[in-house]
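Asks: Following the hints, position chain B against chain A.
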Amino acid sequence: MTLEEDRLAQLLGSGGPEATADGLRAVVARRAAKRQRRQRAAGAGAGALVVLVVVAGVVVLGRGAPPTEQSATAPNGALVWRPPTPSGGAGAANAARSAAPSAAIACTEAKKCTAFVPVRPLFSRSVGAVEVVATLIAVPGGAPVPTPEGTAAPENTAAGESPNFTCATAAELSVAASSGPTSRTTLVLPSVVGSTAAIEAVASVTVATPTGNAIAVAVRTSPAVARTAARFSDGRRDEMTTVDGWSVLVDPAATPGATAGLGTVAAVGPGGETLATAPILRSPGIALPQFCVREGPVVTPAPTPRATG
Amino acid sequence: MSIVAAAPGCRDTQAIEEGSELADAPGFAALYLTHYPRLVRALELAGLDGPRAEDVAQEAFARTLGHWRRVRNGTNPPGYVFRTGFRLARRRFEDLALDEDLPGPTDVASDAALHVDLERGLAAMPPRRRACALLCLGVGISPKEAARALGIAEGTVRKQLEIARASLRIALGEPPGPGA
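Heads up: the sequence lines are chains A and B, in that order.
Using our numbering, read the first sequence as starting at 55 and increasing by one per residue.
Using our numbering, read the second sequence as starting at 190 and increasing by one per residue.
Simulated from the structure, these hints should not be mistaken for laboratory data.
For glycine and all other residues, C-beta sits at the position ideal for the given N, C-alpha and C.
Be careful, since some hints might not be right.
[Said to hold, decoys possible] Cβ-Cβ distance ranges computed for the label pairs, FRET-style: (1) B:P365 x A:R89: 43 to 53 angstroms; (2) B:A313 x A:R92: 35 to 45 angstroms; (3) B:P364 x A:T328: 45 to 55 angstroms; (4) B:R347 x A:P277: 49 to 59 angstroms; (5) A:R92 x B:G340: 23 to 33 angstroms.
This is chain A alone, in the form it adopts within the complex:
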């Protein structure tokens, strides 16, 4: 072995991250997810359930990150989620209650809510100290659907509850990003039905970690998008292959206190071409509206596979 080979071998043996049992579990789960996706693809028709409206809920478990703001914006600005005022019943309390993946959220158009059911694990991934777990869940009766800002409320919105959203049949992506065990918040990401945009919606949430802040960005993209990539304002980057049009990008050590844009997310096609870009806006702590939420029986999600990162 020559000197340079010896020194390079030494260099590779120093400074790398520790191989942990959690990391090994992540690898095993990634493999399981791949196998599951292949089996799903083989048994086509599983996606025959047409989802009229998709709402993504990002559940973030993090230290000292209570939900404070109440907004989420689609990249094109067409849809704005406006939860009810505190008198309307929504807020941080709801966020905490509806955030746990095992909790129940369900609504009918008549405002009767029942438990949601985890349909299947979608993906999970770890980025630095942040662990993201995404589960596709079905809401039997419906979930809150934001309506275009400034338009009249749908007829089935109860008076005095919220002027800007209603409940409808939906599926929901519940994403848990965990970097600490102490608190959680919920982020709701509206998806535009029949949209032709490569990036249908983007929403983000900031969570405190033992070493600073982390940002989780949920992205809903069209089927033409193979991969999403984010460049955060602190220069860090993250990307992942989309899973059924969903992806969650993470900046594990975001710059604290940033008030401007958090960065940019790009939709990348199968050939590596950039199909669209959208800014990442600060939109933490979305609480599900009171009239669409109630406690229900605990549902234990199935084991979650890992995503292709």
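Replies: Coordinates of chain B only, in the frame set by chain A:
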């Protein structure tokens, strides 16, 4: 199994291997424990930032696990993981349209003050030469395998290695050596 149990920070790794998840993949956990940190480090030195390097490394190990029966009976299981990791990293460089200013290895220089000269030598190399040096000189895989992983000709790898060797020796304060 004893390797797994004795590894620091991996108290329950043995349980994972003994459980159903890795029951049919004997030796995989040991490979992971030994080579995951090295692969992440190699990817960082090749130009990926920390989170992405870890993501690529995880994916490389997941793919290796998918072919474990064949890989385990092969001649160089760690080489398979490294080749897979660098192949994935290459795809990411090509795919990621936002990557016009990829971070260089200087990002991790502070972690290894003892290797500053070597890292400086690596940092001065173009990405392809750096990857060739890491794979062939650092990991020990053949130029032919490196060529396949990086998507370039074997002759190109050999040429890059020749230049890389000379550069690294100069960085280490040694004469460039024959052929340089």
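Asks: Tell me, in ascending order, the numbers of any earlier hints that this structure violates.
Replies: Hint check: 4 fails alone, others pass.
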